[in-house]
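Given the sequences, and given the hints that come with them, work out the whole structure.
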Amino acid sequence: MNPEPDKKGAAVRVPPPLMVLGVLLLAYALNHLIPLRIAHSPALVFAGYTLVAISLLIIGTSSWSFRRFNTHIEPWKPTTRIITTGCFAVSRNPIYLALCVACVGIGMILHSWWMVFSVIPAALLLYHLVIAREEAYLEKKFGEAYVQYKRHVRRWL
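Add 13 to the 1-based position in the sequence shown for the working numbering, that's all there is to it.
If you're looking for bench data, these hints aren't it; they were derived computationally from the structure. Every residue gets a Cβ at the ideal spot worked out from N, C-alpha and C, and that includes glycine. Treat the hints with care, as some may be off.
Stated by the list, open to error - Quick list of simulated restraints, FRET-style, between CB atoms:
#1 L142 x P48: 28 to 36 Å
#2 E157 x G99: 18 to 26 Å
#3 W126 x F59: 14 to 22 Å
#4 T93 x P55: 17 to 25 Å
#5 R168 x T63: 21 to 29 Å
#6 L170 x S76: 17 to 25 Å
#7 S54 x N83: 18 to 26 Å
In structure tokens, the structure reads:
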């Protein structure tokens with residue numbers, strides 16, 4: 014564990030929701046250039062809205078946990094503690110998981126395979142540019158406490 018106070022947090026340069034938004038915008042553009050449409054189905058649209066609603070609920074409750082425990086949600090700011098309750102008892106990255114689920118839901122709503130499959134580059138970007146850096150930062154800062162948390166809670170689900 015590192016006793017000196019950190020001022021920067023994990024070395025994340027771009028806000029994770031912006032990364033996902035960029036991927037979704039690229040998928041939207043691709044859908045207009047080379048349409049890969051999903052057959053229209055009211056059940057599919059309903060399922061898409063349900064996934065987006067679940068994603069928003071997860072993001073909201075996870076954000077509330079950051080406020081409740083008085084630590085920063087922004088990965089470029091210092092973390093004061095490991096949150097292990099609520100959504101964080103099930104996933105180490107519930108907000109990033111929710112952003113990925115939202116990609117699938119939005120794709121279902123807009124009937125776009127491009128947008129559904131945008132979950133793949135979104136998850137890869139989040140892992141390589143955010144999660145890996147956050148995990149290294151948290152392990153350095155919290156040591157064995159974070160290692161134990163990683164042993165008991167999965168990265169995604």
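Hints the structure fails to honour: The structure conflicts with hints 4, 7, although it agrees with all the remaining ones.
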